[in-house]
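Starting from the known structure of chain S, fit chain A onto it as the hints suggest.
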Amino acid sequence: MPQVNITIDGKKIKAEAFKTVYEVATANGIYIPALCHHPALPPEGACRVCLVEIERQRALQPACTFPVTEGLVIHTNSPKVREARKFALELIISDHPLDCMTCEATGDCRLQDLAYEYGVKGNEYTGGVQHTYPIDDPNPFIQVDRNKCILCRRCVRACNYINGVEAIGIVYRGFKARIAFGMDSTMQDSPCEFCGSCVEVCPTAALWPKMSLGKGRAWQLKKIETICSYCGVGCRLNLHVRDNEIVKVTGADGPANHGFTCVKGRFGYDYVNHPERLTRPLVRRYLLEGGSKAATDHRGGGDGKNGDGLLATGNAAADFVETDWDTALNLVAHKFAEIKRNYGGDAFAALCSARCTNEENFLMAKLTRQLMATHNIDHCARL
Amino acid sequence: MTNPFDDIAKNAQCLFIIGSNTTEQHPVFGMQLRQAVKQRGVPLILADPRRIPIADYATIHLRHKPGTDTALLNGLMYVLITEDLYDHEFVANRTEGFEELKAKILAYPPERVAEICDVNAEDIRRAARLMAAHRPGALMYAMGITQHTSGHGNVISCANLQMLLGNVGVAGGGVNPLRGQSNVQGSCDMGGLPNYYSGYQNVALEASHKKFEAAWGAVPPVDKPGLTLVEMMRAAEHGQIKAMYILGENPALSDPDSNHVRRCLAALDFLVVQDLFLTETAQLADVVLPGASFAEKDGTFTNSERRVQRVQRALNPIGECRPDWEIISDLGQRLLTAIWPELPDAIAEAPHGHWDYMNPVEILDEIADLTPSYAGIRAHRLEKLGSLQWPCPDEKHPGTPILHVGKFTRGLGKFQPMGYLPPAELPDESYPLLLTTGRVLYHYHTGSLTRRARGLAAIYPEGLIELHPEDAARLGVANGETVEVASRRGRVHAKADVTERVQPGVVFMTFHFPDSAANFLTNPALDPVAKIPEFKACAVRVSKCAV
Chain S
1 MPQVNITIDG KKIKAEAFKT VYEVATANGI YIPALCHHPA LPPEGACRVC
51 LVEIERQRAL QPACTFPVTE GLVIHTNSPK VREARKFALE LIISDHPLDC
101 MTCEATGDCR LQDLAYEYGV KGNEYTGGVQ HTYPIDDPNP FIQVDRNKCI
151 LCRRCVRACN YINGVEAIGI VYRGFKARIA FGMDSTMQDS PCEFCGSCVE
201 VCPTAALWPK MSLGKGRAWQ LKKIETICSY CGVGCRLNLH VRDNEIVKVT
251 GADGPANHGF TCVKGRFGYD YVNHPERLTR PLVRRYLLEG GSKAATDHRG
301 GGDGKNGDGL LATGNAAADF VETDWDTALN LVAHKFAEIK RNYGGDAFAA
351 LCSARCTNEE NFLMAKLTRQ LMATHNIDHC ARL
Chain A
1 MTNPFDDIAK NAQCLFIIGS NTTEQHPVFG MQLRQAVKQR GVPLILADPR
51 RIPIADYATI HLRHKPGTDT ALLNGLMYVL ITEDLYDHEF VANRTEGFEE
101 LKAKILAYPP ERVAEICDVN AEDIRRAARL MAAHRPGALM YAMGITQHTS
151 GHGNVISCAN LQMLLGNVGV AGGGVNPLRG QSNVQGSCDM GGLPNYYSGY
201 QNVALEASHK KFEAAWGAVP PVDKPGLTLV EMMRAAEHGQ IKAMYILGEN
251 PALSDPDSNH VRRCLAALDF LVVQDLFLTE TAQLADVVLP GASFAEKDGT
301 FTNSERRVQR VQRALNPIGE CRPDWEIISD LGQRLLTAIW PELPDAIAEA
351 PHGHWDYMNP VEILDEIADL TPSYAGIRAH RLEKLGSLQW PCPDEKHPGT
401 PILHVGKFTR GLGKFQPMGY LPPAELPDES YPLLLTTGRV LYHYHTGSLT
451 RRARGLAAIY PEGLIELHPE DAARLGVANG ETVEVASRRG RVHAKADVTE
501 RVQPGVVFMT FHFPDSAANF LTNPALDPVA KIPEFKACAV RVSKCAV
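Protein chains in written order, with the numbering used here: chain S, 1 to 383; chain A, 1 to 547.
Chain S extracted, bound-state conformation:
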């Protein structure tokens, strides 16, 4: 594409022809507000919040869809522009609940930020009809509150251009227009895969993760970037944490996932804080109090009745008892050393873990080879 010369707010800029005004301005550090536009999605031009004044154009133009051509002179913050943006916001707010005090998105809401920025009070157009849609969709992951939907179509585009299953659309026209799933059914009844890309891009609380409801607002949460623990794609995720509990997961901009993730990465995190987590070392009682293992028959299974009786010991010596780390680790070290002494290192085998870090796997291999003197180490790479 050829380069063109344009002027934005008096600043002379060289830009690639047919990039949008929004792209060029943003790339050059010039702020243009946007609601329906999202950098990962194709432009839509739905919300009119990014309107700019372009000399020799009859009307204000949406920056997110307007292509740059030679000689354009653009004003992004003129009184006319500010007035038009405020008007657009007022119209949106006229059919939007003003329950920011209890809204999940407070502090993390594009609409709230812009209403504040433009001094919108929310009482310009009273007396009209407001939507009162029932909140919800019977699925375990995503709360749907159409009252808070501003019809920006970010979710529709994310479902088409990020996931691809096209589970979300807009049904009806005019004031009746609303988002719908599949053939205007439930999310579960549609091709939805619950990747949550729609939640990721929603600028308000119209789509919100159910598991995060009431768990804290953006400023109360600590955000840490890490790598997903499930498949081998290696999505980079943001864990949102409060009081040592993960309360939300969002996609981070990693080289494999570019800000998005899947249902397991986004909604499959609560095993971490699950009450069944083991929190102290467990050892069989006979290991602490003496007695022989032969006298214990804690290991059922193998009788064709799958896994029955694994825990039912009927023998107190074989019960698990909680103990401290020193006791448990000394016991393990002593036993491993004894087995190496009596039978040789090849009587030992280790399985490392495809869910643990490189560092942990390296240490398992080192322990097996250096200390136990055997190459008997493997893991579930083949499973």
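It is possible that part of the hints are untrue.
[Claimed, not checked] Listed below are the simulated EDC-like cross-link pairs for lysine to aspartate or glutamate, each with C-alpha atoms no more than 20 Å apart in a straight line:
(1) S/Lys80 / S/Asp9
(2) S/Lys222 / A/Asp365
(3) S/Lys223 / A/Asp298
(4) A/Lys384 / S/Glu225
(5) A/Lys384 / S/Asp9
(6) A/Lys38 / S/Glu166
(7) S/Lys335 / A/Asp298
Don't read these hints as lab results, they were simulated from the structure.
Frame of chain S; chain A shown alone:
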């Protein structure tokens, strides 16, 4: 993978998926492939016995019978060779063994392959012609290729096909195994294998033996590779292995023939399991050590693209749990003293003989010092660059996105002709259905994590068996009815999902739910080279449950 996800999504002119349920098992990459089809119009050829979700986007779907992959791949190559559609220049300049390959391949005309695989011969021709017409093309595979007694041959055949098409060492091409777990690539890279030190340094080579002996002060003999997982279980059953240390794995549910695996584990003198939950395997242990989840530790994971990325601690370990690296190094210290009350000089003086690690960064440094492909991967570089793809031989190296550019590791790429071998166990009168196994979108492996994630457990609460309507009708089984599924090794119950996703005569199950886990049924027969069990094909019988 030889090529990165982004490269395939943006540059491939043709996609060939064989034995990978990509949108369910690697969902984010699955989305990117779907976009390549939708936005760039790239043809997608899918070879899978089941009508998996990405079939909706396939130009051609070859629904071959489970376990007939080599025959199918040979059939595709037959068309490329006999219709003169292969890349002559690549074959001449970059490969050897073409004549041997050709001799073998000529025994696989599409008509014969169609019979073996139960697909349409014309579809094989169309698929091969599409691949030849749209290059470069990327081949993706997963466990559908490897988990067979012919797994090794299947993988080699994938490589043969891509070399024949000249699709290796170029952007948008490659042979791309999709790895199913967050760090399965890394645990292989780190030497978590019986025949390799880290970075695939062969334990049988004198050079690697000497190198690690010098670094650690002690190593096992050079001439004795270790046992693989399934071999370990058999050795435990026979009393040759007395003790096992299992970190974050659940073989009692993930390994084939679970009843047998449990007997093997029960035969051990001493079993230590380190995990988050009292898994089916931990229930058999003598000592259970509470490890930490990914959110409670620092370190690195290596993804399918060989990309090393930082895992960062977001939570303090729950209760008295400790990060696993800390538990292993603490145990290593104690074990060092228990084995050698007086430390031998060789270990005391070895540069990496010690076990007193302060943090994972020190361990990563040791990895980099001892592993040529990770030599340039250091914590400070990852912090600055975000990620690095190995091989990364020094600290100036930018990493290697695409493998085999210009030259293979061994020089020329060698065609290795492979013949078709049927699965070890085929349906017969007593066990008339063919069981194939896998995972679903909403669960992960043995389910010990995803069954404890509320949303996932709610949307997919129990194990199903996919059964074709014809088979269901013959058995008198209704959709949603609980059936008994039996093989020569065990039996389980599962709810029937009557669907055309499977073909008549084939059933599909997962191993996510202990009560309906396919691995009570699966066959532990191994591929003779790769030692991978045949999860993807065994014979079963389905019957109505007695009321």
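Now for the hints, and whether the structure bears them out:
| no. | hint | verdict |
| --- | --- | --- |
| 1 | S/Lys80 / S/Asp9 | 14 Å, holds |
| 2 | S/Lys222 / A/Asp365 | 29 Å, violated |
| 3 | S/Lys223 / A/Asp298 | 15 Å, holds |
| 4 | A/Lys384 / S/Glu225 | 14 Å, holds |
| 5 | A/Lys384 / S/Asp9 | 35 Å, violated |
| 6 | A/Lys38 / S/Glu166 | 11 Å, holds |
| 7 | S/Lys335 / A/Asp298 | 29 Å, violated |
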